[in-house]
Each structure stands twice: as C-alpha cells, then as structure tokens.
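Asker: The residues making up each chain are set out below.
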Amino acid sequence: MARLAFFLAFCFLASGQVALTLVEKRCSGCHSGASPRGGLDVTTREGLLRGGSRGPAIRESKPDESLLYKAAAHLAEPHMPLGAPKMKDSELEALASWIKDGARFEREVKASAAAPHWAFQSPKRPAPPAANAAWARNPIDAFLGAELAKQKLAPVGEASKSTLVRRLYLDMVGVPPTPAELAAFVNDSSPNAYESAVGRLLDDPRHGERWGRHWMDIWRYSDWYGWRKANDVRFSHMFVWRWRDWIVESLNEDKGYDRMIVEMLAADEIAPEDPKTLRATGFLARQYHKYNRDGWLQDAVDHTAMGFLGVTVKCARCHDHKYDPFTQDEYYKFRAFFEPYEIRIDRVPGQTDTGKDGVSRVFDAEIDRATHSYIRGDTANPDRSRTLPPETPGSLGGALGKIEPSTLPVGAYYPDYRPFVREDLVTKAKADIERAETELRKLTESNAPTDKLVIAAKALAAVRAHLPSLQARIAADKAKYSDPPDPKYEELAAEARKKEREAGLLKADESVYRAMLDFNEARSKAKAGSVADEKDVSKAATRLTEAQTALTQSAESYSPLGKIYPDRTSGRRTALANWIASKGNPLTARVAVNHMWARHFGRPLVASVFDFGRNGKPPTHPELLDWLAVELMDSGWSMKHLHRLMVTSAAYRMKSSSGDANHPGAAADPENRYLWRMNSRRMEAEIVRDSILAVSGKLDRQMGGPEIDETKGFDVYRRSLYFRHSPDTQMEFLRTFDMASPSECYERNESVVPQQALALANSKLSRDLSKVLAARLSSEHKEPAAFARAAFETILGRSPSAKEMELAAKAQPENLVHVLFNHNDFITIR
Amino acid sequence: MGFTGLALGAMLHRDGVARAATAGWTPPDGKPHFAPKAKRVIWLFMIGGTSHMESFDPKPELNKYAGKKFVDTPHAGVLSNPLVKQNLREVIKGLHKTHQFIYPMQTGFSKRGKSGIEVSDWFPHVGECIDDISVVRSMWTTDNNHGAQIQFHTGRHSLEGHFPTIGSWVHYGLGSLNDNLPQFVVLGDIIDTCCGGVGAHGGSYLGPEHNGVQLAVDTKNPLPFAIPSTGPEDQKREFELLRELNGIAGAEYPDDPAMRARIKSYELAFRMQASVPEVMKFSTENDATRKLYGLDHDTTRPFGEICLAARRLAESGVRFVQVFHGQNGGAGKWDGHSNLKKTHTELCAQTDQPVAGLLKDLKQRGMLDDTLVVWCTEFGRTPGCQGTNGRDHHPYGFSVWMAGGGIKGGVTHGATDELGFHAVENRHYVTDVHATVLRQLGLDPRRLEVPGRKRLDIDFGAPIKEIVA
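Protein sequence lines correspond, in order, to chains A and B. Using the working numbering, you'd call the opening residue of the first sequence number -9 and step up by one each time. Using the working numbering, you'd call the opening residue of the second sequence number 591 and step up by one each time.
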C-alpha cells in the first residue's frame, strides 16, 4: 500500500515537472512578458485561470475543458505550439494529469525560455558602440569595429586609390572607370575626393541600370515566355519591359523604397490614371500563368513574401508552417489580397494595336472574389465552408489599415476613353481611308480582276463609313461621361447608333463578299477526302454565315471604343502594400538593407536572404542590421542614402586581401565573417559583358525600351539588362556566367567553370572588341611600353608592375588586349 | 555569393580549393553513396509521344475490336476506371477528348531473341537486342499535353514550374570522369519552348553550372565558344601569357581561392576545346562501326551520327548524355495525331538502326555493363482512333525501356490492360525511372537534398527493382 502511494506520488511529481517544463519551453516564449500573445500569460497559475482573449486557459481539474490542453492536443484551434509539431502523447498525458491535479506551480516558470523570434520584432535603432575610433568613419564601422575587437581581429588597411575607384564604379554603375576618370580620381588630393566621386556616381543614370538589375533578380523579372513561334504568352506578360524601365527610373530618382513597394503592388489603386506609375505593377503581371490561376496566385503570394518580407510562407499552403508562426489559414488570408486581381493591356499613345505595344497592368476584376483554403494544399479540394478575408499574418504585427473599396475615374475603368486613345483611333481611321483609296486606285490602274475591284470598293466604303461612326460614338461618349451629364446624350447616342449601324452594314457587306469568294475558292480547291481542305471550306462557310447574320441584326446601342472594366477596386492590395511598406513592419527594411549590403560587401548580414524566419540564419551583426534598417526608414526609405553610407564606410574602403597568407585574420576568420578585409567578388554576368563593351568604347548608352533578341548579344552593344531573359530564352554568354535564374534568384551563384574561360577566350565579343580596343590604343600609344601601360589602365584599372610590364611589352597589341580581357583581375571586383 | 557552387566540383575538392557554402551543410563530394552498377547514362528521348501499341506493347484486342466503340466491347470499363481522373492534370480542360472508336495496331509484332519478347516490326534492329533490354510497359504520367516532356525530366507537372532535371541531379551528385569534357551533355535538337525549352535539361535551383551543355555533331563548332578565335599557336601564346600574368597578380591575393580556380579553369578550357571536337571526329571509326549506326544511309545517318557521338562521349568519360529525337519546332515529330502509320514508320526507320547500333557497339566494346541506356518518351498514344488515322496523347499507360548498367536483359515488366489503356500492373510514374538511374549510379536521391528546397516523395520515385540484375 505504501509502495503504491509512493509510486502514485512519484507519478504525480513527475508529470508536474514535465508539464511545467513544457509550459516553460513550449508556451512561455509567446505567452509571457509585458504584452503576451492573445493576452495570455502562462507563467503563473493565476495567469492560466484568468486566460486571454479566447477565455481561460485552464478549467480547474478538467483538462478536457481546458483550452491549454485542447490547443496542445489539437482538439481546438489554433493548434499549439503555433507552427511547431504536435507534442508527444506522453507529454500531452503529463499536461492533462497536471491540470487534473490542480495545475500547481511547484516551481517558478521562467518567461521567454523560447524568446520571440528576433526578425518578427520591430528593429530599434541601437547606439553605435564607441570602438576603434581611429578607424571608424561612420556608424557602420563602429558596429563592425566593435565586433572585430571582440574577435581580436584588426581591419586591414585601405585599398589603393585605383582599386577603390574601380570597385566603386563597378558597384555603383556597373562599368569600370575610363583611364581619364581613373587618373582624375587618383590625382585628386582633396579631402573629399572619394565622397564627391560617390555623389557623382549616385547621380549617374547608369546607377539605375546597375541596381535595377539587382532588384530585377529579387523581384524575379522575366520577359514573357510560352510558345514563341505562335506568340502564345503563357507566363509573365507582354511589355513587362516597361516595369524594368520603371525600376531603373525609380532608382535614379531615388524614389522611396516604401513608395516603390506600394506602386508595384497597387499603382492601379493609388495612381489609376497615371500610365507611368502603372508600369510598376509589372511585378504582379510577371506572376501570370495562362493556364494555372492557382499557380499564378501562389507565385504572387510566395514571391511577395520572400522578396519584400524575407519569409517563406509557401510551406503553409498545405499545412501550418513547421518553423514559423504562420497557419494555413493565414496563408490563404494573405492570398485573399491578390484574389481579385487580373492583368490587362492598356493602349499607349501612338499605337492602337495592343499586340504591338501597350502597358501590361493589374486591375481588380471582381472585388469580392472569395478565397477558400485548399485542404492539404490540394487545389482540387477547396474548403468552401469558409471564405477567408484578406489579413496579414498575426505574428508579424503592424497594423493593417482599413480595406476600403473605391470608385475609379473613367479613364481607369474605360481606358480607351482617354483623349489620346480617341485621337489615335481617329488618326488610324483616316489613315485606313487613305490606304483603301490607294489600294483601289492601284487595282483600277492595273486592270485587276473584277472580284478584287469589288472587294476593294466595298472595303473603301466600309472604312469611309467607319470614321463618322467613330466620331459619333466619341461625341456620344463625351456627353455620357461629362459631369454633369450632357442633356444631349440621348440624341447623340441615337446618332452614334445610326452611324455605327451604317458602317456595320458596309463592313458586313464587304465581309460577306470576301467570305463568299473564300468559300468558293476553298470549295474549288478542296480535294476529295482531304481533311485540311474540308476544314478550310467549313471555316469559310462559318465566316459567311456570320457576316450574313451581322447584316440582318439591329444594334441595341452603340458600342464603346474599347473594353469597359469594373469601375470599383477592392483596396486590398493598397492596404497590403501600406502594411509591408510601413515602419511598423519588422521585416521590410531589414530584408532590403540586407540585399544591398550583400551586393556591396559580397556577403549578406543574414545569410538566408529570403528566409528571416526561425529556420533562417541569424545575422552576423544584428545591431548593425537593425541600425541600417532604421536608418533606411528614417531617411524616407532613401536607397541612395544607404548606398552612400555603405560605400563611404571605412569597411568598404578596405583592401580585399591581406596580401599575406599568414595574416592572423586568415587563420582566425578564414571566411571573413567579421569583415576584417573586403571581399573580392566575380563580376555578375551582365557586368562582364557590359565592361568589355565599355572599356572598348563601344557600349551603347541608350536606355530603356522593348527587350532585345537574346541571340544578338554580340552584335547589338546595348547593356545586358535590356536583352530578352526568360526561363526558355537566355543569352548563352550570360548563362555561362551564372546570370539570374528568371524563375527565382535572390542571390547569384559565383561558379568557376571552363566554359567561362572558353566564352572569354573564344567568343566573337571578346575577339571583336579586343581588335577595336587594340587599334584605338595603338593609334594613341606607339611605344610597346606605353601601349601596355594604357591597356592595363583601360582594362584592369591599374598600372602594370615591373614584372608584368616586362611580359606585356613583348606581346602583340591585340593579343595583350585579349589576354587582359581574360585576366582574373578583369572579371574580379577587388 | 561568396565562392560557391563550383562545377569543377570533385577536382577542386581534391585540390582543397572548394569550400562549403552554408554552415552545417556541404555539397556532394562527387562520390557515390553506395557501390554503383553503372558509371554513365545515355538517355534517348523521343519528342512527341511514341505509340506504345506500335512499339513495345502489342495489344491483339485492338485488332479484335477494331472500329468498335469501347462501350460495345467487354473492355468498356477502361473509360470509367477511376484512374482516368486520378491520372490526369490537364493544362487546358477538355482539350483532349476520349476517342470512342478502337483503332487497330498499325504494325505487326514478332517474338524476338531468346526471350521471345514481342517487338514491333517497325523496330527490327532494336528487336535484335531485346535480350539485353528490360521493357517497362506500365508507365504513367499526369499531363496529357506536351508539358509531359519537361515533366519526364523533372518529375513535376509543367504547371508547377521548372525543377532540376535527372541529368542535372546526376551531374550534381557525381564527380567528373574526365576533366576535359563537360559532364552533362545534350545531343540533338532540344525540346521546343512550347514544352520546356532549355528547362528540360536545366539545373534549375541546383545552379546553372549543372545545366546540360549542348553539343553539336560538328567538328567545326561542337561546343559554344570552343573554336579558338585565333590560330592555335596564337592562342597557346595568349594562354601562356595569361597564366603568367594571373600568377603574378595572384601573389597579391593568397587568400583568394577563386583566383586559383580561375587559373585552373583555363587549363581545363584549353583541353576541352581540343577534346570536344576530337570526340566529334569519326575518322577513327571503321566501316563496320559506321554501318552499325547506319551512317551509310540517308535515313539513318542523322540520328546515327548522334548515337555514335553519344557512344564516343560516353567512352571519353561523359557522365550523362541526353539525346533528343524528333524536334519539329513544336510538339515533336512523334506526335501522331494523324497519319500515324506513315509518320511512325518514318521515325522508327530513322531511329531503329542507330539505337540498336549503339547497344551493339557498347556491348562489343564491353561498355554495356557499366553504361545505362534509357529509351523513353513523354507519353503513349490512345487506343482509340483520332480523326481517321491517328492516335491522341495518352498519359495513362505507356512503355519505356532500359538496357545495360546492371539492368536485366530479355525482361518485360508491368503491364497495361488488354487495350493498352491503363497501366494496371506494377505501375510506374516517371520518377521511378529517375530513381532507377540514380540507384544504378550508386546515388541515393534523398541524400542529394539542398537546404531550403523541400522535395516531395513523388520527386524521388522508387527504383524499379524487378528489372535490376
């Protein structure tokens, strides 16, 4: 008996200890402290009894009625611990018997044994430490210097002026300095020579091209792809190049990063009548999948989350996230922001054919379109019992503003009503008449067969009638949309109807005649039993019937100049964009500065650049990251301000090599995690090609415009970011140098493969341009030594050493230039 | 960023140059996970969808009920079989309707070899090799359009996007057999942009260095940028000067591993530009070999040259040779919607002797033991008649075969139903073929995981154990 009592007491004690440990380790991370999640504090018995927003967490001695137990046992929503695997059965049993036995706190339960995840808390500006004052130039150095001191590492010295200015040019504008620019900087002994060079380069329009390409990686730029020969757009969209131009321009004018986000996600709502700003929504147009709406929205959700927020929500498509506090419902609530949107092409001035040019832009097609979660992520199995509203994940905090639908101005929902479209349509109608007149005249003069003359005459009559019809419809439209409404509208509408009918009859008359001829021709050509010929005949017959039907039908009203879209927009994406781009968002600024840092210093502060969640990597310099994030936000989200800070730091100006294999840093921190020296990097693919063109003096500086055929990279000397780039079509030369995967590229690869050597050694590009450059330099420098010096300075941005000079002066000019294009220092940013 | 993803892979590991990209995780070291049966793979892919009922899966019932509606035969059940729904993920709903009238086999079949396996009379030469072949007659896939082409290589439906392909996984997992040649090579005109384009031999998230390298059977320009842009002497001088200059500059950067890798890459490139054209030179091949591949006939020469090049690449140490046949600027030549008899006869005639030649040649050189040859296509064709003389796309059941590299010979595995409609016995999704290839190469796909990239069970597939010797 006594033994049994002892055993029971032991069991009780054991389960109590297990339960308390569970509460401490698995619950108190969120449910404790000054502002516990859901108002629930689990660290005291009173706290559990008082409970939170969902009511008491325990009911005395009744585990089955206790929310704590039910949530942990997945008997009630939300399943706890949030986003983590369910507790073991033995643990749940311990929890239950502990509650049953009175939920006694035999010992103190410490708060926050599992601290809230750093990245989901808003960054606060830390004070820069006072360390290494002699070295530090700005707060960046103070943070880095303090960490270096802690690691007992000393920063290496400053890079030579020539190395530094080449690094700066390649980083800021993506091409090396010219020898004149190099000399000007090296010889400028004024104290702020470097700072003024930085200022000049930030103002250089090439800066937007250089950094535009970086952000195109992150925002997964791709030109449209599908079946090219059939012009079948299956992914991304036509004219997304306009979004690329918007990126370049926005960076050049230092548009706030917050504003850029809002324009990309919601320009159609905040600037509905501004085509320049509407280009920004190419970000959403790029997510288009012709045949897979779910895939389309998945990409929109996943890449908005990874690109702007640095979180991988995609796991929660099928189940609650295993690492991060995102439930499956939250995934679909995030999707709900995008649910109403679709893409359309609006006309641009001077081109009425939207197959040739236009702006691909988003709009809300159906403002209340319902979002349902998919059971286990299976798109064939939606849970239609619930409609999920647009909401941001609770764990990321911040306040989502009110989602307010609004009414759009007429130019936004009826884009062809815009004055320039009306004018273009009239101009085109006039041109069509001239063309038809010329055609008829030519046929008459050349004694063409009667059939052709009849058709040409009918066609002319049709286009002649089209112009007054178009003008009457425009007049009626103007009356309809004028404010206050024009009383003459009914009268004008009747006139438009009449004119349109007249024009329609003539057009139909022409079509009937054409169809008849086609039908007769197809019939007479058709061979017995030929399937293809039969098809032609039946097509022609259908067209004929259609044309004849059109002749006999009367129109109810005149037709608009183009498609009329819904005049209401949901406001969902604006709310989402404002939430992402707000100072209260813990991730946005951190993720952006991390991307910028990675591209200046060759290594990010947070290694998992698109995953700041629990499964990501912690920052190497958390305080520096937060300081930079706050600095970005406080500067009005000015990226140029951040660029300036980063590149004017002492850290950025360091040498990229100790020059000594036995340097203490090499042993203590071979990965250069603490940045005791600068990192050298290989140029990105585009920079390799652009730099060859630039140093040869052949780079075509023209900016913007439609994507260029990717097979023309060796003949068209435009910058590389302007060439077609999609998963199906990429420039071979750029592919060889690890160009961005257009499907997803948050970070470039830096491989070294023999094919790169072949591309530099044997491509038409490097050979053609070494001839060009060798010829130019030879004409300026007759002496072999002078030539060699000029070649080094032009291509590598530095003078040759004595040893190098000795070898270089012996080489043929063209060979030397070609060799220097292949030199490791050429494609390396030192 | 940083110095990651070296495609010089194993070699630079050897030299202590490469280093891990992510703490706690290292890329594969280029060694197999267990003892391999095969060292290399030749992967023959017929673009457009070869009919299984006119190649390797004879169905006498088709002839018996020719012209009848399915519903009027004892096999009416095939149309209501739940597999019709389960197997199908359409890109365009309803584009490919069920064809109601049964279309008889367009060719005869004969028992071939000691095994007596029935092979289509359109494949007389491959029939001669049947005792070295395992035919798998129970394949299925989920796309009934030509996105099934990229799906056959990535294992994912095209609607899900691009993923690493089987060749890129092999390239990623295994080190080099010959440092002078690319290790993942593509021959023949590649899949069109309609159906995956370069994605069907792409490395996707494994990185561009794991993309298949396209080679042409052209001694003058077999590899992009492989022709020295100056005379050989000039180039030699240039490379020598380059080596010296890089060496001088490199002394300043003792802590830069990329520098050493770069210097090494030029040595490799120099050899590669010589080695690749050398492989494409057939002058050392005797007449008997040329005949074996059908180089003496116009019909068989184009694909014969590709198959011979495949053998020479395999022989020279290329790990994975992906060969395409049937590109036509669209869905592919094997896409026999109409005139199936005429088009399939022609296509079989183009490929039969070259493919058989490849098997025989590998065998006579003792290479078949450790070279795995895979013959495959994106799907089969419908038992029902399309139009008057064609067959439509058919993802529910089709055939592939494998030979060599530790695969049994003279074996058939799995079966479709009596009309060739559904794979009913030992069903295999396309990644089972991938799993079989990896297993023979000594690789466990689950150990090739990449951080942050969740793979599904269906991505890994399961090796087809029954055909492994």
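It is worth saying that the hints were derived from the structure and are not from the lab. Please read all numbers here as calculations on a predicted model, not as lab measurements. Any given hint could be a false lead.
Pairwise CB distance ranges (calculated) [as the list claims (entries may be wrong)]: (1) A:ALA183 <-> B:ASP779: 43 to 49 Å; (2) B:SER928 <-> A:TYR313: 38 to 44 Å; (3) A:ARG513 <-> B:ALA656: 40 to 46 Å; (4) A:GLU546 <-> B:SER670: 45 to 51 Å; (5) B:LYS953 <-> A:ALA657: 51 to 57 Å.
Ideal Cβ positions, reconstructed from N, Cα and C, are used throughout, including at glycine.
Asker: All hints are to be evaluated individually against the structure, with a verdict given for each.
Answerer: Results for each hint:
1. With their beta carbons about 56 Å apart, ALA183 of chain A and ASP779 of chain B fall outside the hinted range of 43 to 49 Å.
2. As the Cβ distance of SER928 of chain B to TYR313 of chain A is approximately 53 Å, the hint placing it in 38 to 44 Å is violated.
3. Checked against the given bound of 40 to 46 Å, the beta carbons of ARG513 of chain A and ALA656 of chain B, roughly 33 Å apart, lie outside it.
4. Distance hint check: the CB atoms of GLU546 of chain A and SER670 of chain B are about 47 Å apart, consistent with the given range 45 to 51 Å.
5. Between LYS953 of chain B and ALA657 of chain A the beta carbon distance is about 56 Å. The supplied range of 51 to 57 Å therefore holds.
Of the hints listed earlier, those the structure fails to meet are numbers 1, 2 and 3, in rising order.
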